[in-house]
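Protein chains: 2
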Amino acid sequence: MNKFSERMNGMKASDIRELLKLTARPEVISFAGGMPAPELFPVEEINAAFNAVMAENGKTALQYGQTEGWAPLRQQIADRMEKINSIKTAPSDVILTAGSQQGLDFCGKLFLNPGDVVIMESPSYLGAINAFNAYQPTYVEIPTDDNGMIMEELEKVLATTENVKLIYVIPDFQNPSGRTWPLERRQKFMEIVNKYEVNVIEDNPYGDLRFRGEFLPALKSLDTKGLVLYFGTFSKILSPGFRIGWICANEAIMEKLNLIAQAAVLQTATVNAMVVSKYLEMYDIDEHIAKILPVYKHRCELMISTMKETFPPEAKFTDPEGGLFTWVELPEYINTRDLAAKALEQNVAFVPGSGFYPNGGNNHCMRLNYSGQSDERIVEGVKRLAALIKEAL
Amino acid sequence: MNKFSERMNGMKASDIRELLKLTARPEVISFAGGMPAPELFPVEEINAAFNAVMAENGKTALQYGQTEGWAPLRQQIADRMEKINSIKTAPSDVILTAGSQQGLDFCGKLFLNPGDVVIMESPSYLGAINAFNAYQPTYVEIPTDDNGMIMEELEKVLATTENVKLIYVIPDFQNPSGRTWPLERRQKFMEIVNKYEVNVIEDNPYGDLRFRGEFLPALKSLDTKGLVLYFGTFSKILSPGFRIGWICANEAIMEKLNLIAQAAVLQTATVNAMVVSKYLEMYDIDEHIAKILPVYKHRCELMISTMKETFPPEAKFTDPEGGLFTWVELPEYINTRDLAAKALEQNVAFVPGSGFYPNGGNNHCMRLNYSGQSDERIVEGVKRLAALIKEAL
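Residue numbers (our numbering), protein chains in the order written: chain U, 301 to 693; chain C, 301 to 693.
Heads up, a few of these hints could be off.
Where chains are identical, the list cannot tell them apart; a pair therefore holds if satisfied intra-copy or between any two copies.
Think about it this way: if two alpha-carbon atoms lie no more than 20 Å apart in a straight line, the pair counts; the simulated PhoX-like pairs of lysine-lysine are [what the hints assert, rightly or not]:
| hint | residue 1 | residue 2 |
| --- | --- | --- |
| 1 | 591 | 359 |
| 2 | 321 | 556 |
| 3 | 556 | 525 |
| 4 | 642 | 683 |
| 5 | 597 | 608 |
| 6 | 525 | 303 |
| 7 | 556 | 312 |
| 8 | 495 | 525 |
| 9 | 321 | 642 |
| 10 | 495 | 303 |
| 11 | 303 | 556 |
| 12 | 525 | 597 |
| 13 | 597 | 383 |
| 14 | 525 | 616 |
| 15 | 321 | 359 |
| 16 | 388 | 525 |
| 17 | 591 | 608 |
| 18 | 616 | 591 |
If you are wondering where the hints come from, they were derived from the structure by calculation, not from laboratory data.
In isolation and in its complexed conformation, chain U is listed as follows (with noise of 0.2 Å):
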């Protein structure tokens, strides 16, 4: 009876979002969402900031305000990006999202007819395949070792490749693999770039998350013609319940990026970015980070060495230096939708990999999240999925 349009053929459940309903369960061990640990969120101060936006500028925070977003939070990040990752630019090449999964949606509306391509790492982020795919692109996917993105692959599939639209990585502690480029390969990256003209989502959400290792360069600090897109969000250092991230892009791009979000939402809300700004402004955020940081990193070692010591040597993963996640490796005729299944029955989730390659298949990887849970119910959680994969070997 309804009449849906050819698009919605190719969308399909999140498998994280239809997890995320599952452990709800308070017995579920979920290594599932990429959730920040709630403990850690800084309540009273969000809401000693929202006291004082109301207090001095209530009306305006519960009315209609621009399309770019509220421009003191525009200039903090533009500040922050400046000093800390390198990037120089001004508040007006700045656009606020409701979290970087609103720029992913806009951004397929800018640059994708149907059948264009974009090029991902292989694996890359479950939740820009989704958005991308309302757009109905084709993907190709970029081998990647354990420095990211290889990039004599890259070139080659540039090299050879027609109307080629998008490229989207996350060079800094990809999800769900954990990676990170190094310096020269952002290099290499950004002289391929230049060379073939073609724009880039640099997808950051967990920089700011670093346990070890010195801060690199974001691509966009190395981008010379205005290709690359940096996305920013406050989801995962101070709260994603906020839905405030941002597009950092030149001008011809945030002028197209305007309408885009004048059509779609009108704006970001008003009240949720003047909250922020004036958290930013009462509170030190590297102050907020570095309270959080020791507690991901303790998780995320905890994770890795418990790992070690009870997953069988056929399953091989992946030690990041910062971020949310690592990403497990087994054998090719291990399917992990099947020992995600059996996993749920004894209280343990995770996300199987498939999901993360855009033409699907890997079905022998699964992406696991260690800063949302206790020390008791990392190791415990480990423990049960170590048994799991025994058995299936």
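Take the given structure of chain U and dock chain C to it, following the hints.
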């Protein structure tokens, strides 16, 4: 250098959003936006609701939540739709959106292939046209009279037009015309829609703002085949800065909207939904609406009576029973874009009418908003417009 998608050729800046930038100057008397009066925002009550959410449930509020939105708010919305709009529904048939504008974007994505037909009242809401444009439809406009869409014309079009995927209507205090459909026309509409089985968006942002006459049942309450998607919002009765609206539709549609929301934005901000829910629990929103209503009624009557006194007889305008807008038709040789430019020189802003016609033309109309300005400014602004119109005759 940037290779944008074809759909971007059809997307242009909204006159309203562009005007809003200019009207931020305090000396401008703005009849342009559809802004609620900020002095009527319940700032203290919303602050108290926020404090209560943080004290009782802060960690949940700042965390990710479900795509369809905070369950208690969806229950409250379902209850209120039954009480106020005679719509019998369940929370599972409600999904939260970041304002109704986001719902329009979701529905463009859900229903429209390029070239599909959208039917609209002539004129209709500019923001809906903008949202749908991203999905490259064609438009058929149905003529209207003082009682809204003319049903004989609708039936003629449906009988002779292929690929009609969506009918978009605002039966209560329409934007931009201020007109309301009487009961018989609503019944006739549903009869026709049932015959041709086309999906309908019933956009009802202003329904609660009735100054006189009796509440009329929503189309959705007369929908026996699950064809109508009912859009509601807290923007005009509580706060647009919170960006909380909703869509109510049947299960088959809801399932698809959930996929679209997942991919486009993951979810509406958890904290915003919880604060609105808490506000509804702590306070009586109908008491708040009862405080707003007499102010808007007075401003409406003042604008209409000043127009009657000062406008030349060649200017025809609607006398709305509620909502935020009146619609002025001038002789066809007067171009209201030129008039708007001259008015801005005299610090008066309004939205020229042509943007409200999806197929353009109709350059002799204008939309005036009365809710956002004080008595003095309404009288002064209307007088300045009257002088300009007389000059243009």
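At most 20 Å between alpha carbons: which applies to residue 556 and residue 312, within, between, both or neither?
This pair counts as between: shortest inter-copy Cα distance 9 Å, intra-copy 28 Å.
Cα distance capped at 20 Å. Does residue 525 pair with residue 303 within a copy, between copies, both, or neither?
between (43 Å within a copy, 14 Å between copies)
What label fits residue 495 with residue 303 when the C-alpha limit is 20 Å: within, between, both, or neither?
between (44 Å within a copy, 15 Å between copies)
20 Å Cα threshold - placement of residue 597 relative to residue 525
neither (36 Å within a copy, 55 Å between copies)
How would you label the pair residue 597, residue 383 (within, between, both, or neither) given a Cα cut-off of 20 Å?
Neither: 23 Å inside a copy, 52 Å across copies.
Are the CA atoms of residue 303 and residue 556 at most 20 Å apart within a copy, between copies, both, or neither?
between (30 Å within a copy, 12 Å between copies)
Regarding residue 321 and residue 642, is the shortest C-alpha distance of 20 Å or less found within a copy, between copies, in both, or in neither?
Within one copy only: 17 Å inside, 56 Å across.
When no copy is named, should residue 591 and residue 359 be tagged within, between, both, or neither for a Cα gap of at most 20 Å?
between (34 Å within a copy, 16 Å between copies)
Can you give me the call for residue 525 and residue 616, within, between, both or neither, at a CA distance of at most 20 Å?
neither (39 Å within a copy, 54 Å between copies)
Are the CA atoms of residue 321 and residue 556 at most 20 Å apart within a copy, between copies, both, or neither?
For residue 321 and residue 556, only the inter-copy Cα distance (17 Å) is at most 20 Å; the intra-copy one is 36 Å.
Regarding residue 388 and residue 525, is the shortest C-alpha distance of 20 Å or less found within a copy, between copies, in both, or in neither?
within (14 Å within a copy, 56 Å between copies)
Have a look at residue 642 and residue 683 and pick one of within, between, both or neither, based on CA distance no larger than 20 Å.
Cα proximity of residue 642 and residue 683: one copy only (14 Å, versus 74 Å across).
Hint check: violations occur at hints 12, 13, 14, 17, 18; the rest are consistent with the structure.
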